[in-house]
Each structure stands twice: as structure tokens, then as C-alpha cells.
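Got chain A sorted already, so can you dock chain B onto it with the hints?
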Amino acid sequence: MSEARAQGPLRRAARRVGIRLLSALPALFGVLVFTFILMRVLPGDPAVFFAAGAAGGQAEIEMVRQQMGLDRPLPEQLLRYLWDVARGELGMSMTTGQPVRTDLLERLPASLELTFAALLLALGLALPLGVLAALRPGSPVDHLVRFLCTLGVCVPTFVSGLLLVYVFYYLLAWAPDPTGRLDVFAATPPGITGFLLVDFALVRDWEGWRAAAAQIVLPASTMALFVLAPLARMTRASMLAVLGSEFIRTARSLGLSGRRVVLVYALRNALIPVLTISGIVFSTMLGANVLVEKVFSWPGVASYALDALLASDYAPVQGFVLLMAAIFVAVNLLVDLLYGVADPRASVA
Amino acid sequence: MEVNRRGLLAAGGSAAALLAASREAGAQTRAETLRYVTGNVINTLDPTVPGATRESFGLSMNVYDRLAAFGRRQFEGNWVFDHNSIRGELAERIERSPDGLRFTFVLREGATWHDGTPVTAEDVKWSLDRTVSARSLAPPQMQLGSITRPEQFRILGPRAVEMLLDKPDRLALSNTCVPYAIMVNSTLAKRHATADDPWALNWMRDNAAAGGAYIVETHRPGQQTVLRRNDAWKGGPLPQFRRIIIQTVPEPATRASLVERGDADLCIDLSPSDVQALSQRGRVKVVSIPQTNGFTHISMNNRMAPFDDLRVRQAIAAALPYQDLFQAALFGRGRALFGAGWSGSPPSSDFPQPMPLRQDLDGARELLRQSGHPNGFSTTFTIGVGISPWAEPMAALVREALGRIGIQVEIRKLPDAQFNTAQAERTLPFYTEGGTAWLPATYYFFRLYFTRPQRWNFASFDNAEMNALVEQAQFETDPAAYERQAKRMIEILNEQVPLLLMWQPLHEAVMAQNMDGYTYQFYRQADFRDLRRV
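Line by line, the protein sequences are chains A and B.
Under the working numbering, the first residue of the first sequence is numbered 12, with each subsequent residue one higher.
Under the working numbering, the first residue of the second sequence is numbered 531, with each subsequent residue one higher.
Isolated chain A (complex conformation) (with noise of 0.2 Å):
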């Protein structure tokens, strides 16, 4: 009996979670569609762009159309596409040669990695300095967030990624070579999750561990820098609006603490938004720090995706944006379910 008690509101949460995700697919059947047709009407094409051989005539340039199936009528592009996605094949890369399929799986944990990273970072600097901020409003330290909040958004990604760069690397050398996930001269490690950081923990290497956290930390600090400004700023409204709220008087007029009335009252009402601006930073930056993983050489997903869009190469472009509505539609409703955690009123609508 107990059991059964238990198990019925997950149950019923399970089924909300299942009908989410089954509401999405049209949306993302859409994404597909759209992004299909868009990368076609867009102009440059790719055959020409790839048939660049010395001797390359018309012929070469047919042969690529051939080879990447552009010879055959639109709909038919169309529906051979669908079909490969319903397999789960996203079509070749002509960038890198490679099925799409293997180069997002080996390139999302790296781009995940680095965005968690980041976030991680900035709501460990975002939270403290709203905080702060909002219960001194109008004083210096919230003179000195406003200022740190607008440099993180002004100075450019990759501004802010080759000034890091230059300081860390070239003049101090305190960061290993800005190239990627780990030392060229490391080996890596056995490929469990593809997040290295949790695979070198897994196999005890501490050095290696390291090695692949040192790597990690001046893109991660370039990222969090830029989305520190939302994160602090929406933590600081946030904060402000719950501390002048009803609930809070009473707690302060009843003698509690202020330290409890701040962290357990205030903070935990008013993460509410600034849960829902995570997950919408932690989406975009997903896919906009492109300029990032630029600069540090990432392996990441975007800079993959801008690579192969600047060659009008049809698939990647397609299996990435499909990629990020999926992980959209995923973070979303991971962050309605963490709602719930933050306030048990709310539930998975």
C-alpha cells in the first residue's frame, strides 16, 4: 500500500515527462524541415565549393553533386533525409568526411564539458555577487557588480579569449597551449563518457585529470565571464523583490537569523528565475561560443557547424541545429522539473 503511494505521483510525473517530449517532436520535425529548406534557398553550392581540383571542371563538380545526393529533385532530398533521421543517420560531412552522426557524438561531450564548466563557473560567481548586491542595493559592491556584470558583456568572447590567452599563455605560461581538450603530448583517456574530466576520474588518473582541467579553465572563464552579467543581474531583481515580500517580514519580525532568513527563505524563492535564465544561457551558449571554441582550438559542436556552414555543407548544418532543438527541448524540461526541487508548488505542466 505504501508502495503503491510512492510510486504514483512518479508515475504520474514520468507520464508528463513522456507527453513533453512526445508534444516536441512536431516542433522539431519542424526545425528539420525548416532548416532542410533554408540551407538549400541559401546561395552558395557546395559542389563547387568542394570540387576544387586542379583539373576541376564540370565534371568534378557533378561528381560531389552525385556523391552528396544533391542531383536527385528537392522532395526527394527531402524525404530521403527524413528517412535517414528516422534511422538516426544524419548524412556525411563533406568538411570533415565523416558520417555527422560521429562527429556531433564526439563532439558534444567536448562542447557539454566546457558549457557546464562554464555555467558552473558563473553561477558560482553570479549567485554570491546578486546576492551581495541586492541586499546593499545602491552601495559600492553593488556599484562594483553593475561594473564587472557590463564588462563581462561588452568585451567580446573572443577578445576576452585571446586577452586570457595572451596573459595566461604567451607572457605568464602558467595555462598549458591553448589547443583543445588536452595536451597534444598526453595520452587520452579510455572513452567511457567523453567528458574527460569525469573519464579521468573514473580511471584514477589524477594526473591526467589535471592536465584536462587545466585546459578547461581559461575557455571556461572566458564563457563565464560573458554570461556572468544575466545570471548576476537576474539574481539580483530576483533577490530584491523576495527580500521587500510579506514572507520575509514575518521571518525577520519572528527573530530568525538573518543568514537563515537569506539563504533558506529569500535565495530559495527567488531562484525560481534565475533557474529559467540558466537554462536558457546554458542553450545559448551552447551553441554561440562558437568564437570560444575558436580561439582554444574546442572540438566543440558550433565550431564545427560554422565551419561547415562557411562551406555550404548541407548536413552538418542540419544535424547540428536538429541537435540543439533536441538539447532545448531537453534543458527545458529539465529546469520545469528543478522548479519543482526549488518549489514544490510548481509542477511539470
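Just so you know, not all the hints are guaranteed correct.
What the hints assert, rightly or not - What follows is a set of in silico ranges between Cβ atoms, one per label pair, in the way DEER data are often shown:
id, chain 1, residue 1, chain 2, residue 2, range
1, B, Pro648, A, Trp217, 43 to 51 Å
2, B, Ala561, A, Gly41, 50 to 58 Å
3, A, Phe45, B, Asp727, 28 to 36 Å
4, A, Phe45, B, Glu747, 39 to 47 Å
5, B, Gln857, A, Cys165, 15 to 23 Å
Please keep in mind that the hints were generated in silico from the structure rather than gathered at the bench.
C-beta atoms are modelled at their ideal positions from N, C-alpha and C, and glycine is treated no differently.
For chain B alone, coordinates are given in the frame of chain A:
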């Protein structure tokens, strides 16, 4: 549960020990390792696959052997390839019949593939057949050397293969030196061939069936490729570097820092401003070699009004400030192809060579008036994003200079794929770009860039005399007659100005101070076999 966890821990422990061991080995061989950083990617191990990048061509030269190879010569203190001296690579000896219709290749004794199996005449025959039969980039290139059918290749014995020609093509042998003419371990490749793909193009994209100086150890497309020296290599003197790490580093500023800090040993695609700064600071070695087989040009579409009028083309040729363009685009770093003193007939039959182009504004205005455009006209000047670092300042100057004779120029910047598409469709009226010919013979340049309705005919030039000359020169066996024909081609270029030759940019390789032997190769990539530390 318990067993699983223990198993995992044990596996983890041994993996960690392995990692530690390989890290030690890595430290020992740093001096014998060359780390090469590039902004481009290697997208296939088989250079003949359609879409292969230039970086893939460079890799294949190190991993595969060809029957023959170009030698190298000193040019202004640097090493450059020499297409006039051809030596055997997989072939120990090459014999040419007096009529130039038969080449006999005698294979090196004891030559082996990377898997240790001996190189046979059957392998060579299969490889040559592949270059003319597979649906790849190779056949169109081989055709330029009159190599078109498998019947042209015959096995003479266990170590001898011959190539037969219908006509004595000047460049038939040269075509056996290009990146497409790889020699393949046919037993291995055939194991992975299918009915749809009899030449194993799909398999060889990710796997090497080679016998060259380096063995591919790991290949992660778009990221990094590691090569190990093939100690059993017979194709030439054993290279010094035991290990090569080829790494893609997209950001040019990062590549510059890596080389300057000594973490990378070689980079050949830095931005010109970085190269200048690096050479001033003097912590690295900069090797600057004019790209002797290339040229930058300003092209006019000869089939499109108003550029179909010779006088309009001549007016533009007379209106441009060549020296200023050269300074603005490349800080003058290169070899000028304008401002020559000759008129009528060129001093030599070499190409590209400086043309008698110079600014003469009054002459330009007069020509424009004669052509029926006394008040000028409007046109667009197109540049590709990829070349914008040097083309953008150049375009601004072109606009200013032509504005002075009344021609309104609008500058259009297109992403590379769009630029290439428009170029191939011949819809660009007026644009700039560069060209490089693998085989820098004069007639080959003119055939590739000034005849036939194909993409590399930049100006859509169609001149009956030029077409006939190119046909003739390809099979001309009399050196004096060939010289006359080649000079005439250059004269036609000067008379008709289908496009304007500007300069040969520098190929700038930045490397560690202790590196030596860097050679400029016709495919514009580093040949690791030439390099050593001193």
C-alpha cells in the same frame, strides 16, 4: 555488483599505468617529434576523394609514395621544388623511349607496404588503373597528361611496369608525381572494395593502404592526425623526424603564439601581419618563398559587356596603381608580375613572368572614350571572404583608382562557397583571386587558365589562336618550336589583357629556429620528409 566494481577498479588501475608509461615515452621523443599546426583540416586520407582539402594532399605526399617525384633546387637562398628534374620514388629507374611514347618504371628492390608485404608490379598496375578509372579527382588531372585508359599501363615483369602514350605529351611523366597518383597496396584495398565501390574509395577515405615515408598512427578528422616514421621506407633518404603531430588550430593568433613559444614547430598559414611581427621579434625562423607556380590576378569577364571590349580592358589595365595595390594588399611581400620593361615579345618563355603593365591615367581615359564610355560605367568588384585580409584593401584602391576615370565600382564580398559558385557559373563581371598550377609549364598554365569553358578560365577567355597554340604545344617535341609557341601565348595575354597579372604572393613558413630544409612544394604544403632539426 561487487565483482563489477572490483573489475572496473582493476581496469582503471591498469589503464592509468599504461597512460603513465606512454606519457614518459612521449617526453623522450619530443626532439624527434614535429608538431605542425594548421588552420585547415584533413578530411580524407585518400587525396583523390572529391572534396579533399589541400591539407589532405599534403598528408598523402608523406604517407603514400608515387612512382616519381620532383626534385628541388635553390632559389634566392631557399629550397623550391623543381619540376624539370624528375627522379624515381617508388621506381628506382625511369626509362623514356626516344619518341617519348613509352615510359618504363623499374620498381625499387625490397620495397614494402606499411603492412610489410612486398610491393608488386600488380599493385602498381592497379594503382595506375585507379587513377584513370575511379570516380575521383584523379582522372581529370591524368587526362591533362594524355593518360586516360587502363590499357596504357602494362606489366613487364615482377618489378617493371610501362606506361604507353598515343602522343608524346610533355607532362605525362610529371603527372605521375602529383598527389593524385598514389601507389596503393592493392591486396589490402581490394579486400575493402565493394561492387559499388570497386576502387575502395570509401574505405581509403579513413584508412591508408600505403607504403610511404610515414604511417598514419591516429587520424581524428578536423582535430589531429599523428604520423609515425616508416623505418623500412626505400623511396628516398630516411626522414629525421620519427613522429609528426598535425593539429588543427583554427585561430591564427593562437597558432602564432604556439610557434613563438616553441610549443609548435611549424606553421605555414599565419596572417601576414603576424608573420611580420614574428620575424621582427626574431624568436622564430621565417622562410619566405615566392609561390613560383602561382599568381594573383584581377579578372574581367570577357564574355560580358563592357569587358568584352578590348579597349575597356586596356583602359582598366592602364588605370590601376599597381605598386600601391601591391603595398596595400601584401605590404609588397611577394614577386611583382607588373611593371616589366618589354613590349612585343617577352624575354623568356617562362610563366608567370612580369607583364608590361603600368598606370597611365590619360591613356586610360582616351581608351575609355574610344570604347564609347566617355563618362565611364558602373560595375561590381567581387572578393571572397577567405581572401578578404589582402583583397579588401586592394578592392578599396581599385574603386578609388577607377573612380578617377569615371568607372563606378561597387565592392561585393561573398562567402567562399557563394563566391566559388558565382565564379563557376561565370556571373562575376570583375573580381580578384589567386591561382596555382601544380605543373608550372607555360602551356599548362595557359591551357588551365585561358582556354575552354571551365571554371579555372577565370576571365572566360576564348581566343582561337590561343586554343590552337595550347593544343600544339602539349605534344611539341622540338624545344625551339615549343619556346616560340610559349612566347606567343604570353604575347597574346599582353595584347588581349583578358585578366591582369598582379603578383606572386609569398609562401611563408614559420618554424622553430633549429629547423632546416623547408622546401616550397607545388601543392603548397609542408613535406615533412624534407625537414630536420640541426
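Against the structure, the hints come out as follows:
As the Cβ distance of proline 648 of chain B to tryptophan 217 of chain A is approximately 48 Å, the hint placing it in 43 to 51 Å holds. Evaluation of the 50 to 58 Å hint for alanine 561 of chain B and glycine 41 of chain A yields a pass: the beta carbon distance comes to about 57 Å. Distance hint check for phenylalanine 45 of chain A and aspartate 727 of chain B: the Cβ-Cβ separation is about 34 Å, which falls inside the suggested range of 28 to 36 Å. A hinted range of 39 to 47 Å for the beta carbons of phenylalanine 45 of chain A and glutamate 747 of chain B is consistent with their spacing of about 42 Å.
The hinted range of 15 to 23 Å is not satisfied by glutamine 857 of chain B and cysteine 165 of chain A, whose Cβ atoms lie roughly 35 Å apart.
The structure shown violates just one earlier hint, number 5.
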